[in-house]
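Enquirer: Listed below, chain by chain, are the residues.
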Amino acid sequence: MNGKPKVVVIGAGVVGSLIARELTKYDCYVTLIDKEEDAGWGVTKANSAIVHGGYDDPVDSVRGRFAAKGNKMYTKLSEELGFDLKRIGSYVLAFEDDEIPHLGELMEKAKGNGVDGCEIHSKEEIIRRNPNINDSVKAGFWCPSAGITEPWMVAIAAVENAVLNGMDFRPGEQVVDIETGENETGKTVKIVKTNKDDYPCDFVINAAGLFADKIAQMADAYCPILHPRKGEYILLDKKLGPIVTNVLFPVPTKQSKGVLVLPTVDGGILLGPTAQDMDVDQKEDTSTSSEGLNEVRLKTSSMVKGLDFSQTVKIFAGLRPEDPQKDFVIGKTKVKGFINAAAMRSPGLTAAPAIAEYIVESVIIDEMDVALEKRSDFNPILAPYPVLPEDDPEVWEEMVQKDERYGKVVCVCNKITEAQIVEAISRGARTVDGVKFRTRASFGRCQGGFCLARIAEILARELDKPLNEIKYRTGNTKLLSGRVRT
Amino acid sequence: MEKRKITCISCPLGCEIEAEINGDEINIQGNRCPRGKEYVINEIKDPRRVVTSNVKVNGGQFPLASVKTTGAIPKGKIFALIEKLREVELEAPVNIGQVVYKNLFDTGFDVVVTRPVEKL
Amino acid sequence: MREIKLDALVIGGGAAGMAAAVELTRQGCETILIEREERTGGVLNQCIHNGFGLHVFKEELTGPEYADRYKHQISQNEITVHSEKFVLKVDPDKKEVITVGVEGVTCYKPKALVMTTGARERPFSNLRIPGTRPAGIYTAGVAQKFVNLQNYLPGKDAYVLGSGDIGLIMARRLTLEGMNVLGVAELMPHSGGLARNIAQCLDDFDIPLELSTSVVEVHGKERLESITLMNFTPDTMQPILGTEKVIKCDTLILSVGLLPQNELIEDYVKADPVNKGVMVDSHQRTTHPWIFAAGNNVAVYDLVDFVTLEGIEAGKAAAQMIKEGFKECKQIPVKRSNNVGAITPLFCCLDDNPFKFYIRPTKNMDKGRVKIGPDIIQKVELGLKPSEMVDIQITREHKEKIKEMGLEEIIVEIEEV
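Residue numbers (my numbering), protein chains in the order written: chain A, 959 to 1444; chain B, 298 to 417; chain C, 19 to 435.
Careful: at least some of the hints might be erroneous.
List time: in silico SDA-like cross-link candidates among lysine to any residue, alpha-carbon distance up to 20 Å [as the list claims (entries may be wrong)]:
id: 1; chain 1: A; residue 1: K1197; chain 2: C; residue 2: K76
id: 2; chain 1: B; residue 1: K372; chain 2: C; residue 2: Q338
id: 3; chain 1: C; residue 1: K374; chain 2: C; residue 2: Q338
id: 4; chain 1: C; residue 1: K345; chain 2: C; residue 2: E399
id: 5; chain 1: C; residue 1: K76; chain 2: B; residue 2: V347
id: 6; chain 1: C; residue 1: K374; chain 2: C; residue 2: E399
id: 7; chain 1: B; residue 1: K300; chain 2: C; residue 2: K374
id: 8; chain 1: C; residue 1: K107; chain 2: A; residue 2: G1199
id: 9; chain 1: A; residue 1: K962; chain 2: A; residue 2: E1325
id: 10; chain 1: C; residue 1: K23; chain 2: A; residue 2: G1199
For each label pair, taking beta carbons as the anchor points, the in silico distance ranges come out as [as the list claims (entries may be wrong)]:
id: 11; chain 1: A; residue 1: E1057; chain 2: C; residue 2: V264; range: 40 to 46 Å
id: 12; chain 1: B; residue 1: G327; chain 2: C; residue 2: L72; range: 50 to 56 Å
id: 13; chain 1: C; residue 1: T305; chain 2: A; residue 2: N1092; range: 32 to 38 Å
id: 14; chain 1: B; residue 1: E322; chain 2: C; residue 2: M255; range: 39 to 45 Å
id: 15; chain 1: A; residue 1: L1198; chain 2: C; residue 2: P372; range: 53 to 59 Å
If you're looking for bench data, these hints aren't it; they were derived computationally from the structure. Predicted, not measured: the structure shown is a model, and the values here were computed from it. Beta carbons are placed, not taken as given, at the ideal position from N, Cα and C, and that holds for glycine.
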């Protein structure tokens, strides 16, 4: 290695983004590549958004080492990066007598994993906090440190902060090959090649989500075959009110943690996921199905009363990468410089901050004995995206006097203004989804009915493109076709 | 001999009328009043429609001005009208009632603007 | 922060709001009309087709022409319009309306509030149709705005779900403006729109209408590539296995329902679960005495003429309250019976003022007897269908009879003949 180490991180999901940001704390060149047009649009975009307590993972597993630790790191991270985090606590609920012993097992696991504050709660306590839970509930395992967040914002904010600290972000580029070389010790990474450019490197961090196995194959490095596991979700309207206060899990099965009921950070009600193992060639299939949606309806309705499905705001499905060992694959490989942060199944979102720290400090610096200098000028803080409180007109007045575009409301359902949309664009949004995910415009009950045209117009104006060049997201997703009159 | 089913729209009943067309002779069945016969015969012999569409406007607050025909024109000429409208370019400001085409296809009807467009 | 004290505030500058504001001004009330877009007119600005104004103006006008008549009345009466103003909060206890605009926050303090906030379109995701979530799926109103106001087509080959008038109008519009419309699917066994529109929007262009059919799956990773249609049983609306049909298209246009919008006041007034809008009495007053409402946020109307008439009534009643104060009046609740769907008003005020019931039948009937009372009105109507509201006038004499009979509730039903 000559000069400062060059690190290429493949995959700008929550894991890759946090690793890349961690690297910018040190004196090295960092490049982050993602095939999507924005950060966090793969696995990160469509999951339960839970920062798990970390009690659940087997003490001797890889995920057990990172989950509880990651959970604890989220408070500081959310303060630095400005994303929403709500530690609303979680219950694992027993509805049958034979499910109760499992709760005791969870208490033991929690102790082993260093998760504090867990208790077994009685039916009365549970119903006091969540009056809509089915009356047949018997007891629940309570974990106060569990929380909810906006997973794509973790990635978006981490990337934005890393860029401010000198990282090179390359969205919309697909890695097509990794050139390796030979030296005395064996194979070593040399160049990461994308469909647009070549990146000479000393280290490759494989955080490529569903495609981490494919990336590893390019470098002849080990990664188990990953198959996608699909989870379908239903999101209900926040006008139903706080149907539940905490994250609610049923007692899990061998297959999965079960179908959950939980609030979202902006007050909606999220139901899901299912857990359907798919084939390795189905890694792009995020379609929902009537069977999956029915399963979500039935299982959540038996746990919680008052779920009004006519108030569905959105249905969606996400994929997570599952490996045969059902565990993370983290660490160096026989190919020098090629490091895996792969098989990020649940609790990947939770563990991500701890994994980022581990990859840099333990793997690169300690294990691989690389001398990385810590920078004195790293700035961990990212200004949060402005949010105007619904019920505080004084704040609105203040903001409008600063910038009159705060007085132009574009998203009617969520009261998002032109100023916020313009800021999102200046901070990296290039598509309708880019604006949506940064501002929550179009997330509301009309699903863009009132605001889509205006959001597209603002994008067209700010990016200096004709309206019919504006896209929703990556690929063939333009909003419009040709002109009516030319 | 041609058979056609036409829904009369003269009143809310909407009688479904069956017409047997033998050259110039038309036999009607299914109408509950004489207006049905009249409507169906017109529909078969000389169907007409009022057409609404858009024309291009330059320099205005909207890129288009909506337009309409001031009367019902022969149905067969609808797409020919659209083709003519594609060639139109108005300059803002544009007013309601402004004539875009006079005496369209010799029908005695005009194409007029229905939405004003202010100058930018 | 600005404060504006005034007689009447009208929120929403569409058909109902413009009519209410004009009437209030005619009655001598100091009125401001608030609109969140740059211009008034609401959805009329993009409804460039014919069919508006037959009742109110005795002429057939296009949407923009109809809106223009009211915009003209607004400027003639010198009515103040505050456009590009967004309402953050309505506070009925303090009688305040907080808005934001480019000059900042304004607090309006009206003596009467008229809510004319219209309806929104039911979005695709609310239908819970499984499949992918590709580009190319639009509600009809959004597609209409892109085509008629912004000069862009949404795609090339379209399919329309929903045979209500909006879907039929868009099937014709997209065809005229250069797209290929492959068909219209309707879940119910009968069409949702006017017979005239089936003839002029579908038959004229050989666009097939498939009844008892709906979209059951959507395909396409990035852009819509195809939809799967399926037949449903006509009475119970259950899917019939084996009737799946795949249609290749890149655009799906949805006309699957309008939902009255009352987010600003729904915590303070009662809504009706069938109308889905706020309940009003025969003076367009909601269950909160300070708040009046008219238009599509009360119930979804099929003719803008009716919306205008309701807006005028709201304006009249609000003006009376402003000038004479709130007057208690006995209100008789209205109850639905056989074959009556949406109906407004839901309370009949026992004063001397006539009003109209607007009633939507729940099914097709060649002949039906509309019965109000019992024994107040019995009227035979022909050609009843869910897509066409029936309007029934209640006169002063009818109200006298209601008083005489001491009715505690008014039952409305449509008996099939």
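Enquirer: Which of the stated hints cannot be reconciled with the structure, identified by number in ascending sequence?
Expert: The structure conflicts with hints 1, 2, 4, 7, 10, 12 and 15, although it agrees with all the remaining ones.
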